[in-house]
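Oh and the first sequence: position 206 is 206 in this note's numbering, straight run, nothing missing.
Calculated from the structure, these hints are not laboratory results. The reader is advised that the hints may include incorrect statements.
Said to hold, decoys possible - Estimated spans, in silico, between C-beta atoms of each pair: (1) E400 <-> D476: 30 to 38 Å; (2) E408 <-> E431: 55 to 63 Å; (3) K92 <-> R298: 19 to 27 Å.
Glycine residues also receive a C-beta, built at the ideal position from the N, C-alpha and C atoms.
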Amino acid sequence: MVTNKEIAELIFPDIKETIEDLERKYPKRDLPEGAEVTRFAPSPTGFLHTGSLFTSMICHKVARDTNGVFYVRLEDTDTKREIEGSGEQLLKQLHLFNIVPDEGYLGDRQVGKYGPYIQSQRADLYKVVIKHLLEEGKAYPDFASPEELEEIRVKQEKEKLNPGYYGEFAKYRHISNDERKERILRGDSYVIRYKSQGDHNNKIPVSDLVHGDFEIAENDLDIVIFKSDGLPTYHFAHVCDDHFMRTTTVIRGEEWIASLPIHVQLFKDLGWETPKYAHLPVIMKIGENGNKRKLSKRLDNEAAVSYFLKDGYPSEALVMYLMTIANSNFEEWIFEHKFEHMEEFKFSFSKMSLEGALFDMGKVNFFAKEILGKKTKYEIRDMAKAYASEFNPQLLSLIERDEEYFMEIMNIEREKENPRKDYEKFGDLYEKISFFYSDLYEETCKNGLIFNEKFSNEVIKEVLTNIKNRLSLDQDEQSWFGNMKEIGESVGFAPNGKLVKQNPDMYRGSVGDVAEMIRIALTTKKNSPNLYYVMKILKKEECDRRFDNLISKL
RNA sequence: GGCCUGUUGGAGAAGCGGCUUAACUCACCACCCUUUCACGGUGGCAUUCAAGGGUUCGAAUCCCUUACAGGUCACCA
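Produce the entire structure from the sequences given, and follow the hints as far as they go.
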């Protein structure tokens with residue numbers, strides 16, 4: 001009779017450590033009462049997903065709020081899907097959103113006493129636990145081929161039974177150790193499965209920080225814990241790692257709820273304390289068929305955080321927006337705190353909605369405008385340069401032509417109680433301010449300027465000529481505007497819109513129309529910052545030059 | 001299909017049995033701000049909380065059924 005111990009030894013002859021050794025190596029963390037240890041555990045299979053940013057933001061926040069620890073663990077057990085370099089990229093992007101781990105995998109290095117923080121480097125640790133399980137007869141090698149598994153599946157489907165490897169279908173659960181030994185020695189390929197003692201008809205109570213308490217069927221599947229490539233599966237790695245890294249709260253996406261029975265079973269059977277769980281709602285989007293669906297990296301560009309980075313959104317805007325999804329009371333709080341920063345906000349799981357929110361780009365834009373509106377011209381310059389040097393060389397060269405000039409432009413009506421909110425992202429800055437630069441202005445003029453078709457070229461010419469000759473910039477804004485009204489009136493434009501409404505036949509239009517003509521002539525656009533300041537920055541000579549040029553062409 | 005979860009305006013949501021003729025934010029619309037573009041302000045936008053049934057003096061709030069939606073059922077995480 002071959003014993004369990006012999007099988008364990010046969011499979012893992014080199015593993016000498018025991019679970020007790022590991023317990024000593026990774027002792028309980030010495031943290032103050034109430035401190036939470038959280039972790040973000042991405043797979044290096046691509047760039048940061050907006051949903052992952054959401055999760056990591058909350059992990060980070062919970063640790064900060066409780067003076068705990070937030071660490072990152074790289075879950076690279078799926079070697080087939082791994083994308084070279086994406087781990088570093090992930091961490092870099094996290095950093096750009098101000099989510100900086102205290103410990104763990106940091107992209108270029110690992111920091112902390114509970115490592116290694118890369119799963120592929122922890123293979124031996126998992127083996128120690130599995131060897132123990134094997135010795136105890138709680139796990140067994142499974143020699144089923146893909147074909148055999150397929151056969152089982154088909155049979156179960158036909159008989160309308162629950163799918164999976166369990167009970168009578170778990171063929172290799174029931175073979176003798178003698179046969180196991182023989183097959184292993186023969187070189188048969190195998191995985192290791194956990195021998196479930198659970199009963200599908202049993203309901204177990206589970207507790208979740210956001211979903212509250214509910215019941216769920218016990219796991220009766222003999223799940224794979226050790227793959228034939230020598231690495232553990234997610235379920236097993238999660239249990240071992242979060243135990244030995246001493247995680248107190250596991251925060252992850254809702255898609256994991258279904259496998260919760262597996263995880264609590266493993267924790268319980270191993271005699272380890274189960275961490276608290278928080279399963280977060282998934283961020284959604286309306287799909288082509290009109291139904292909600294998960295934000296998809298393939299279909300939705302807002303699903304990748306790189307999209308926001310490339311477009312030059314202020315990173316706080318996305319984070320603040322995500323926080324409004326996370327906690328419904330955050331909006332009110334951040335309004336009260338003038339959009340400054342959110343460190344002092346207290347996050348709570350109970351204030352989280354259970355339903356996945358539709359991603360709202362409009363609201364991200366709103367936050368972005370608020371945030372940029374609050375920045376000083378120096379901050380704007382630094383942010384713009386940082387963005388431009390990475391993503392937008394065109395903008396960078398524009399800024400570098402003359403930084404003072406650039407700041408002057410960005411400072412229009414900025415230093416006041418309620419600053420203008422002209423900009424939401426740096427990605428469209430170039431287009432919005434290029435008219436301030438003569439060569440770029442000329443460039444746009446080549447395509448022709450589009451004036452209000454209400455007015456003939458003759459009228460426009462008449463107005464612009466008068467403005468050019470009679471509008472002075474050497475006065476304050478009030479007088480300047482009065483001056484403009486005066487000139488308008490002299491060529492048949494009412495000083496305000498009301499008068500036009502009252503006597504439509506007496507006027508050609510209102511000052512509004514005059515201002516629009518000037519604006520289009522000078523900026524090529526219908527919308528621009530305050531005209532007075534635009535003209536001041538452009539200076540009299542340049543304005544005149546633009547007017548003359550245009551008048552001669554009309 | 002089984003199991004789990006959810007369903008309040010265009011979007012995010014508050015609400016936890018009477019104080020709700022349902023807060024607040026975004027979006028949208030209208031008006032005002034002696035005057036452009038903005039900023040700001042005021043007002044409008046759910047007689048009703050997926051539908052039906054029940055419990056109750058009283059329900060968006062408790063219970064049941066139905067509908068709809070999401071998640072999950074891998075040697076992927």
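Going through the hints against the structure:
no. : hint                      : verdict
1   : E400 <-> D476: 30 to 38 Å : holds, 33 Å
2   : E408 <-> E431: 55 to 63 Å : violated, 19 Å
3   : K92 <-> R298: 19 to 27 Å  : holds, 22 Å
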